[in-house]
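Colleague: Next come the chains, spelled out residue by residue.
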Amino acid sequence: MPSFDGGHYFFTALLPINNHGIAEHGHFKSSPVHMVRDALEALPTALQTRASETIGIQSPFARSLRTHFVRLFVIDAAYYNGRDTADSILSAIEKTDLLKAQPVDRMNSPYLVFVADFDPAPDGAPEPRSWLEELWTLSPRELSSVFEYCYGFDGKADAAAFASFVMKGEIDTTMPFNDYWTVPPPLPTMPLWPLALPPLAGLLIGAGVGWGTQSIWLGAIIALALAAAGIVYDYTTVMKVGATPFPTAPNSTLRDVLKALYLQQAFARFAAAQQRSNPAQLRAAFAKFVAETQPGDVTGPTQPPGVVRSSFAPEAL
Amino acid sequence: MRSLDLADIQGGLLRAYGRLGFPKARYFFLTVRDGQKGRRFVEAIRPRVTTASRWEDPRRGELLLRTHHPKVTDAIRATGVSDYPGEVQLLKPKVAINIAFSFLGLHALDVPVRTLRGMPDEFIDGMEKRAEMLGDTPWFDRRDTIWRDASAPGKQVHIMVSMNAEMDPDTGAPTPELDVETAWLQRLCTESEGGVELLSGNGPQNLPYQEMSAVLRDDNGQKAPSNKEHFQLSDGFGDPVFSGQYGPTAEKTKQVGGGKLLPDGKTWAPLATGEFLLGYPDEAQEIPDAGMPIEFSRNGTFMAYRKLHENVASFQTYMAEQGRLYAAASGLDAADAQATVSAKMVGRWDDGVPLMAAPDVGKWRAFQAKLKAAQIAKDKKTLAAIAAEYVDFTFRPDQTGATCPMTSHLRRVNTRDTLDPHFTSPDPKSWQGSALNNRRRILRRGLPYGAVDPAHPTDDGEHGIVFLAVCSSLFRQFEFLQQQWVQYGLDFNVGSDTCPIVGNHGPEAKYVIPVDPDGAETPFVCGGVPQFVEPRGGEYFFVPSMTALRLIGMGIVDPT
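Sequence lines, in order, name chains A and B.
Residue numbers for the first sequence follow this note's numbering, so the first one is 1 and each next one is one higher.
Residue numbers for the second sequence follow this note's numbering, so the first one is 1001 and each next one is one higher.
Just so you know, the hints here were simulated from the structure itself, not pulled from any lab data.
DSS-like, lysine-lysine: derived pairs with alpha carbons at most 25 angstroms apart:
id, chain 1, residue 1, chain 2, residue 2
1, B, K1037, A, K29
2, B, K1155, B, K1129
3, A, K95, B, K1266
4, B, K1266, A, K100
5, B, K1370, B, K1381
6, B, K1380, B, K1252
7, A, K100, B, K1252
8, B, K1223, B, K1092
9, B, K1223, B, K1372
10, A, K95, B, K1429
11, B, K1363, B, K1381
12, B, K1429, A, K100
13, A, K29, B, K1092
14, B, K1381, B, K1266
15, B, K1252, B, K1266
16, B, K1380, B, K1363
17, A, K29, B, K1094
18, B, K1363, B, K1378
19, B, K1381, B, K1252
Here chain B stands alone, though its shape is the one from the complex (with noise of 0.2 angstroms):
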């Protein structure tokens, strides 16, 4: 295909903000009261927009032994190829805005109604009204104000502004800029004359912004993020990989993993760039339904934001408990049994290695000692080579979830090769890929927020993730991941049990974690499964491209 015109999509979308060196974050949301000014308040944005264009980061240190895991993506570099697609025209920004509008947003900014009926239904409704079958309405009186008031008159939510920046690592704090671009944004606001209205109400502070940042840790003396949540649990590894998102030639590894399983059961590829942008063709090869005229919808896209609490307290007592009776049932060690137990309701151990490369504690130590050698040793080939098992597997090999469990977390929101309707077939002419999984692919964006003592953990307090789904049709791909694969169980064979780790946990949620149905062992049935994760509102965005921005921005979308 044509290389993407990067300039023209919003940055954040191709690659995570979180990874590109941005661990801290600041999101502002609004309402607009006057169209006229409203538009006035997004032309003095717009120039300040960053891009996904290619950019140069002076700051980056040494490839494959920056991060506490080798990545695919320095794998990539290390050879001397780029992982980012583009020319190099720009430094890297300390801080990167953005900007999304929910439908009423794009209502208060007068874009066409014709422009606007084009639009998908979910993102017509927003999130508020799709709670039901997001099992949001269990803890509705528990969002945060901000969308608790969201429905009453002048508090609607309109704008996100998003601000990602860089950290200083001698304090953890965020740079100093970042400061800087909210007082312009607040000033932004004042001069709007009452145009436009930055809304408080974020957490229990009612804060003008949600604040976030990567969990962090100990480096030498300094603070570095890491890619753990607050369960202590490292995230952000199975991506997906879409046409155009990489290099002609970082695709071809980036894609293993990460794309689609072709139906020879082995040959990945990119996914489809319509998955993830508007205006191009998707899996079904069909455009994906947005608002007209094409130049308004293409190279923007749809993103929900999801704020969810993490009831740390819960899940570390529940997992040290469940540890201890499965101690006893296996005859691992305690330590060992709740490491064994976090894994199989994840799909990962706690440091990302999947089940499917290290499927039992033995092989994951191993896994570890491989790890760390290789980082001694500065041992770059290896270190690629393990890079690549983080997210290169399929789970032919593993048809009755003894290895990983179908319905553990990772196996259920991307499937994989699991849900191919010939999957048990020993005729690999009847396979099919993962062709049920890559309608239903999301870029999973977003950062952690408050902070957690680890060694006083609490269910209370402000802590927990900002999930943001990027994805062409919120509808197809992130509700449907939601409602089937985490708040259901069918698909996997389980009935009503949900995900372990983010679904809704009913009074009487178990976990299986089952064994090979011809060996000795019994499966293990984990009860009384409490809530991990609670939402605590959100809403659904578009994220529109510069020139529909623009054409938002000046008042000349034109649908005729």
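Excised from the complex, chain A in its bound form (with noise of 0.2 angstroms):
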């Protein structure tokens, strides 16, 4: 399961949108691919920059726990970029017609894209249809206004039924983003020369069967299929190890990433105020900074989701 790896879910859907006659969203009448761009353009993003986090208005992906990244645009065409390129000697020997025009791909809808990145249920519940259901409870209206022309969309419907209907657009994720490894991860590694037994026994057998029968032929062929065999069951063995997920980085849920943020900052100011402290005073005043801290909680003290700073009493540490 590609869309599985180091130890989060990086979850893809294409949502085709239903994008016929006219739309209607308060005063406005437009066409529905419009009204989704701009629910999306409405949609407040995460305060996690400068910029906006004195909009105030939080995203409603931070409400989850468990989210890291939601990424939600529209494809409304292939784009096209012109006939293929062609040498015109070539176009002149084989008589290309340049009046005639090539063919050009196209979607028979525009698409709105759901691309997310969020770790798995902590009970092991099945996924993504576990988060789906979360992000359905924790922002329904939000997710209408996104979804709503979009096929397959029940307005009235419930978290199980946002669930179905997100994944039946779903595709694998063939090429996850994973950077929570500080250090190079343990990856398997597979020496060569287990490789290298199967079809070298292959060979041996058909030796021997070739020198047992005196016949070079009837050797040879078992050699060459029982070696071809070997060759087969090693390209297996590499591509089951090689889909293996990527192993879970340490720390690494939303709540350890979180933590480990608000530990940072908590301990930049920590730092800060102990510069001149004795040995005693330090000692004391860290022992002070681990219990108001908590660093082995990640339920908290800690950072809320979806901001770009811990917030600290002034005259906390």
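Given two chains presented individually in distinct reference frames, assemble the corresponding complex, making use of the accompanying hints.
Modeller: Okay, here's the thing in structure tokens:
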């Protein structure tokens, strides 16, 4: 399952938009795909930049403690880059009719692309269903405004129906983005010699049979057949090992990341405040720091999702 | 192709408003003094903008009989097929409101430089800088004040808001809603607190808008819009037909004569959508140039606004004079001779019947008689066939121009198969149809303005045509047409002779009515052609899609 990798679920769905006729939204009448864009552009982003944090309207996706990233965008049409390049001499020889239009790829409808990176359910509930249901439970209104013009979206959907609807458009994520490894991950290695064994054994058996029966042909055929079988076995083995998900990075759930961000900031303040302390003072202060920040507890105190910095009481630390 | 996103495309592009039952119009030109207030103004207008969505017209007359000459679209409707794509979800409005921006307007509204620099050169230049090439400079100081002042600070034309309106058939006046909408627009300007100013300076009275109206005719005591302009010529037949503009069934009928002619010389196909709408492949299978991101451009287009004054007295006097001379040369009576000279210059008789369908006066009269009989008998089958004859022709049967002169207005601006490099070849395999014409088509929109008393025509006064050319490349389509085919004659082997109707006529302008070189007749030369049409100003505009309009209004165009 390539969508699950590095301990995270990398979700990709392509949902066709029913772009027929006019959609009415408030006092606007416009095309459905335009309404989708309008909804997306009005959807607040997380307060994760200096520019956006003053806006104060939080992204609905920050309501989840499992969602690392979400990206939504519209693909209107397959972008067309003009006729295939051709060599003019070859075209002349082939008598290419330049007045005849080449076929142009097209999509039957615009698509809403939904991409996310989230932590799988801690209780092992099947994904992406569990996450999608959680998302719907947290933000039904916002999700409706974005997805309502997609084929198959039921406006009165409950969480289960929403998850089923989105999962119909799911495609494999073939290139997930793992960024939580700070050291090289322990990737499985395969020494070469065990892979060389099966084909070599096949050759040896063939040679043995040829010697035993005194028939070069029979020996050669068996040797080649068994060696080929050995190569197929090797190939299958390598692909199987390759399909194993990237190992989970330590402490890489959203809660871990938020706690880490919180601790970094808290510790920077601590370090600045204790610059000229003597060892006894430092020891006492650090004990207080640990007691207050609870480094081992990801549930709190911590940084909330969707913000660019933790907030500390002015007098704290 | 996938059907067009009609609700995202502004109205009046797929179909001319004039032909959709809006014979009246008012065009407003505005300048933006403050980007933020300007965007707020755009946002206030946006929900009112009329799109290309299909609507139902409860006031439409009986098909094929409601107009003076039968229309192909009516012939299609009469078979029970819709001539318009999409589904009906709206009622036709009384006033259609649309909006377009000049390059400086987009700049004033803070569209990012990265988007603006993707715009085509001619649009960045604006019409005034292109005047030399368009042939406009001789009439520069006769332009309306608004265009003469447009380079002055604070007087640049940034936004064009158009209102196309229905008419009260009893009075011939615009529907009263037009005044209501006008007041609304003026109020929006007032409420912008100096951010947006409505510019005056249209016409000699310096009006705050350009008023337009179809030339009206009497119809049993009521006023009805005609398809005539002030020269009393019927106009607006040969509009291009592009893929997606009509429903799939209607397209098959409309493309005949309106689309492109394929190399076999007889099959027609719709032109590529990208010739008229941005974001789609054009006839060269390229995506036309425009600003990025692609959703800023897609479903938008460019439009040239040109106010063209008509010297009606000069036209009538000259045609009468040449008619007398032609009568003496041809043996026709004066009226028929005048009609013939006029038809030879235009390419159509004054009622729109093309020379290719009725090459001489006799055949024209026969055409008219056939039409009249079918109208009286309400013979819709014949009317549908007649409707097709106005557009369904090629020029291959007329290789010398003896029927329809190469340099007539109609044959210049839509050359059809005339410029096929193998036009005269007897070998059909070498033919290339209308290939050299396909990238030079424009959607003609607009309406006449002012009024002329047909009994006492004048050159002076305020009357002419507001000509709107809609295309995805003003440079390749509109400007090429104007420079090479209207103001020049080399492609038609007539040197520097210009279009007899809309071209610039110098002191010795002439027009040659050719004849069959193998026949006994001699060509007739119309000498000293006076100036019939004079530009009174204009500008190039970008007509955004509804998506792009929102991006402009919200100030969130993101070219990255």
